[in-house]
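Visitor: Assemble chain B onto chain A, guided by the hints.
Protein chains in written order, with this note's numbering: chain A, 1 to 765; chain B, 1001 to 1765.
Don't read these hints as lab results, they were simulated from the structure. Note that the structure is predicted; figures quoted are calculated from it, not measured. For glycine and all other residues, C-beta sits at the position ideal for the given N, C-alpha and C. One thing to keep in mind: the hints can contain errors.
To be verified - Which residues of chain B face chain A? A partial, calculated answer using Cβ under 8 Å: (1) 1336; (2) 1492; (3) 1558; (4) 1581; (5) 1582; (6) 1606; (7) 1641.
Stated by the list, open to error - Footprint (simulated), chain B over chain A, 3 or more residues, beta carbon under 8 Å: (8) 481 to 492; (9) 550 to 559.
There are 2 protein chains.
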Amino acid sequence: MRNLFDIDPWKIIESKFDPSKQKQAESIFSIGNGSFGQRANFEENYSGASLQGSYIGGVYYPDKTRVGWWKNGYPEYFAKVLNSTNWIGIDISIDGEHLDLNQQQIKHFHRELDMQNGLLKRSARVVFSNGKELEIESIRFCSMAREEIGAIAYSVTPLNFSGNVKFTPYLDGKVSNHDANYDEFFWVEDSRKVDLQKGILCTRTKKTDFCVATAMRFSFWREQELLTIHPNVAQRDFYVENNFEHYLEKGIRFTLKKYVAITSTINHSEFELVAKAIKRVREAYTTGFDALRSEHEAAWQAIWDSADISIEGDVASQQGIRFNIFHLYQTYTGKNAKLNIGPKGFTGEKYGGATYWDTEAYCLPFYLKTTDPKVARQLLVYRYNHLGRAIENAEKLGFKDGAALYPMVTMNGEECHNEWEITFEEIHRNGAISFGIYNYVRHTRDTDYLETYGLPVLAGIARFWAQRFNWSEAKKAYVMLGVTGPNEYENNVNNNWYTNYIARWCIAYCLEVNSKVSKGLVEKLAPREIEQFQHIVDNVYFPQIDGTNIYLQQDGFMDKEQLSASDIPVAERPINKHWSWDRILRSIFIKQADVLQGLYLFEDHFTEEVIRENFDFYEPKTVHESSLSPCVHVILAAKIKRLDKALELYLRTSRLDLDDYNHEADEGLHITSMAGTWMSVVEGLAGVRVYENGLAINPQIPKPWKSYAFQIRYQNQPLALAIDQQKVTITNLGSALVSCQLAGSQIDIEAGAMHEAAFEKFELS
Amino acid sequence: MRNLFDIDPWKIIESKFDPSKQKQAESIFSIGNGSFGQRANFEENYSGASLQGSYIGGVYYPDKTRVGWWKNGYPEYFAKVLNSTNWIGIDISIDGEHLDLNQQQIKHFHRELDMQNGLLKRSARVVFSNGKELEIESIRFCSMAREEIGAIAYSVTPLNFSGNVKFTPYLDGKVSNHDANYDEFFWVEDSRKVDLQKGILCTRTKKTDFCVATAMRFSFWREQELLTIHPNVAQRDFYVENNFEHYLEKGIRFTLKKYVAITSTINHSEFELVAKAIKRVREAYTTGFDALRSEHEAAWQAIWDSADISIEGDVASQQGIRFNIFHLYQTYTGKNAKLNIGPKGFTGEKYGGATYWDTEAYCLPFYLKTTDPKVARQLLVYRYNHLGRAIENAEKLGFKDGAALYPMVTMNGEECHNEWEITFEEIHRNGAISFGIYNYVRHTRDTDYLETYGLPVLAGIARFWAQRFNWSEAKKAYVMLGVTGPNEYENNVNNNWYTNYIARWCIAYCLEVNSKVSKGLVEKLAPREIEQFQHIVDNVYFPQIDGTNIYLQQDGFMDKEQLSASDIPVAERPINKHWSWDRILRSIFIKQADVLQGLYLFEDHFTEEVIRENFDFYEPKTVHESSLSPCVHVILAAKIKRLDKALELYLRTSRLDLDDYNHEADEGLHITSMAGTWMSVVEGLAGVRVYENGLAINPQIPKPWKSYAFQIRYQNQPLALAIDQQKVTITNLGSALVSCQLAGSQIDIEAGAMHEAAFEKFELS
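Here chain A stands alone, though its shape is the one from the complex:
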């Protein structure tokens, strides 16, 4: 795979402008702050291929469902992440000719995503048709310190002339979703106002009535000197601007500093929305660009302090892992229980919705180990808040008595997705939500959570599974018919091992929690339910290959033609782009191996021998055409000491978007799978596990790496791990003693103490 952009440990660098990469670059260089985000579109006019995108967390539109053949139970709409007011716009023109990197000759170009500091920087030298040369430079960020503030410093230096240049900072609310089922426009204008050096635009979504106020202010500088200017103002529907011409002297740098505040009814009442935006932007303006930037950079520094993974000896790996961590924190910071982690974050609009099972299965472990447990808890509370909707969702499908089915895709708890084989059948997602609670508790020991929020969710989910299993007289066991596992290259299968396994586990865990929580706080299971649940737990059917330890993905799996992914001609990969759906379904090939997913989640239930046997059976059949697939294989490969395989797949997952393996980075990034990449290192290579009975660490290091280091949180104590080719160093940065199993040996590390162990001293267990 060729790298799309230049390699650097802390930066993504594009050193030559290539319009054919612009949409990919717009995704990859996106910036955001967990509250809103912006693709790396140019501030000035750009006439080339581009996906202009500005997205605000939680603001969505219920786009009317488009299906060929309606089926009972389909949702009426699909919640679309909304492309909203373009706040970055600064148009530049000379003698009526607009600056446009798709038109003018470009003598130099440099775009850089500074991940350490959360900055998008760009510089370019451009020759206008009349020969006038401009140097432009811009620095942009979405403030991590002030979640409603964005800021841009946009500098222009005339290189071979002195003369007038026109500046037009504007706000444009006339933006459409690329992803709209019937090409509808989703916004109405509520109000707009424009005045000298400021303007505000307030737009409202149709149907959902979300209001978004975007306020701008700007200042204009000659080098370090603030200038007084007298701009014109202009406005039209969905649009406000200032514009002014200024005489620029050759070689002198003039800078327009644009401050924007974006407030929405996600966080404010409709009545105070505009006032808040005006207040926030005034504060930002008063604070000034440099001070805003400093506090923003400090906020990023605090994130990196606990979340960074440093890798020495392989810059591509280093860049890859930081790219993933960076985008995760840009997408979700845990500040707001109404938000979640959309599959494309703020980098694109494809797929819609904000919440998939990816959150619990992939993102939660990341936040649990890299930051304050409150962040992970927010993610759990989000689902607790949607419990009523999950119960309604199950009722629509014919379930009753409080059974809860969480949606495949949602914005507000309601199901959006509308393919029967996914919407109605890919129900394993429910299991991930119970598992998330369990995982949270084993990391944090916050059992209080179970009392108030945990048990109702666990019970709703367990009730769903209890109704979804049915007794098979033929098998004298509980079976589960008609499901789609995480491997979406199979639909409507019976007894998907993963789904049966996690479903049974959910019921068992619910029984366990129910027996432990004190009476009174929440409604507990009825005795009749307890009995029924226990009967199911004791009698679930699991398909397996006779005489082996291999769990069968589903009934009938062995009837398929037994091939390996290596049998597929290279020209036919990925198969989802080359084969008919029919052929994919019938083939043995696996998008994402769900038996292995189960062995990963419940690793402590299985011996290493069982894991190895299943890995050797499923990994050759897996084509990894889900971005969520490789990381699980990295972790299991590392577990069974296949370090070369682990590294190979690690590189694929960590640079999936950076090197655009799947040819779709133009549409946005695979945000949730980025958490899987992080797991690949921490759980895979470093072998960090939080089991119910404690922390275990079984580190390894790939040969090409000199060393790698990161921190984890365990029971709210930060631990720093550093692994090089010779040794492992664990430092307890917390305030309490931490015990763990290091390569099978119990060790205790006092607060502030460091434990060092040489590799030669221990055998990996």
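Guide: Frame of chain A; chain B shown alone:
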């Protein structure tokens, strides 16, 4: 079930106008002639709920596919049956007030479908707001003798006044499909011309460039006297009219006779289209209404002579069966190899497409036994002509080497349907096409057909099956994974017994035909293929319940909760309107029992005991929510002497649309299942079978019936059967001796001879 309209052996009668039934009536009283057809819309203006519909065989529009989630292999478009120029329009007004049965007081109303003569008749007495009373009467037909001609005699009698009435006969091409994916308009206007007492409108479909010319002429009569009138002419886009006011004397009947010719590029070149329409309409005008009507009635008489089923003792049954036969012949007459039998015929536009597996599985046996074998042969040639497209269709799904997959829905051989579980998986349709050839040959002994047309189709289909089976190492047999059987309440199942059975049979039959046809005429199978085919035929896996004769619908069927349709609360029927798709899929309930479908098609492969055992297993689980379902059960129930069950289901199928069991007659009729109704009587009650080794007849008669009688064709000899409670009478109306098994005894009937057998003399075998 309450009857929607009045009962009569030869007529459907509506004796009181009920606007809430208008759309149902428009479907049920539809008329057509195999070439074009027209819903029973009123000629005059009608402002109530109505589905205006005029359809021309073979003229379609490729409507852009609408899907939520695209899958590789989906077709780009869905061919829509096109609603085309409204040719019946005759507007009537008095003093500016339009005649409109939705507005004026109606003193009397009578609408009648005269099935014997193929006439739609209507009379009404209407009071205008000024108190003026009009009697109107209309008679309309689509000529069975001239396939491009429609005619209307529209009479008006002023009952309580003399005065001016305005007549406006018109053609209106501005018609839209109700069933359009994106509300597009499908037509452009090519040309129009209007002159005294005539007009022509030529419209063209977008994309497909079908041209349709509709020409009208009319005359105006005072009782039997032709009047000279001086109409005005008017036109606008897509519209031409004449209009004139005439002074009508009280009590005198004035009649406007409107003649219409409809020509299309299905049958004519674009250059002669208009001239042909003008010529045809001139001929019709010259022939005159009464003579046109006589030749039309004679053509219907000829159809009834051989295709009628008369039932004495149960008028509802009698009306039901004639209604079915009537609509079948209105839809398809076999005159044109480009046409086929759409699921709604010319009575509505839902589902689109013209050709489903219904044609071979249901309609072909009807035409084989009721008319000249040329008609059935046309249907086979239609598929032969589409073989190239079927091969392309299979290639799109990844098949090769001449494998052919006929489409689920088509107009021109290309697949239209776009649900993966149907389009890619409901492949049993391919089997019906081979079976149709086999069935044709055993009825007609026309083995020549195999030489030229048969083998290439059989080979393409056999190649498909050979590739679609795969060897299961686990089962040491050929299995077929991921199919949908005729029971569409299961999707993506493995080893659907019906599909496996018909697929193996197709390969075996292809081998048999291949070994028999002479060398040279068509390309025969390669030796390697023969060997491979034989290996498959010898080693197909069939699921079965151990220790029984019950063939399992599919792998895993016994894991379902074992319930009966009687366990479903009445309020939840039909389940497809009340249950989520998910719940339907997981349930045991069967839309249409496909094991029984297989036992029906291949009845001579199984003992009666096997059929009984399977019927008793599947019938209680079948909810008959496909219109194609009950007839098969009637036939099998009769076979195993469950005559009460047979009669119960016969009544349901024969009056499905007449009594609107499924609450969807407003959208059009279930044309193809009507052939199943015919089969219910002939193959079910009368026990007529054409096996490979000859004709067998095992008649029974339900207790409520006095007698029933019909004709069949067998080896091109017409036989008349009459069955009463005492005896069976078989008359050989042909010119050659016919041998058959009557209730197990071999009998020979000379040409012209009659054979009578008393029921008491024979035991039904």
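Visitor: Next step is simple, just say for each hint if it's right about the structure.
Guide: Okay, the hints, checked on the actual structure:
The interface hint given for residue 1336(B) is broken, as the beta carbon of that residue sits about 30 Å from the closest beta carbon of chain A, more than 8 Å. Given the 8 Å rule on beta carbons, the hint for residue 1492(B) holds: about 4 Å separates it from the nearest Cβ of chain A. Proximity of residue 1558(B) to chain A holds as hinted, the smallest CB-CB distance being about 4 Å (cut-off 8 Å). Because the closest C-beta pair between residue 1581(B) and chain A is about 4 Å apart, less than 8 Å, the hint holds.
The closest approach between the C-beta of residue 1582(B) and any C-beta of chain A is roughly 4 Å, which is under the 8 Å cut-off, so the hint is satisfied. Checking residue 1606(B) against chain A: minimum C-beta separation of about 24 Å lies over 8 Å; hint violated. A hinted interface residue such as residue 1641(B) counts as satisfied when its beta carbon comes closer than 8 Å to some beta carbon of chain A; here the least separation is about 30 Å, so the hint is violated. Counting residues of the segment 481 to 492 of chain A whose CB falls under 8 Å from any CB of chain B gives 4; the rule of at least 3 is met.
Restraint check on the segment 550 to 559 of chain A versus chain B: 4 residues with Cβ-Cβ distances below 8 Å, three needed, restraint holds.
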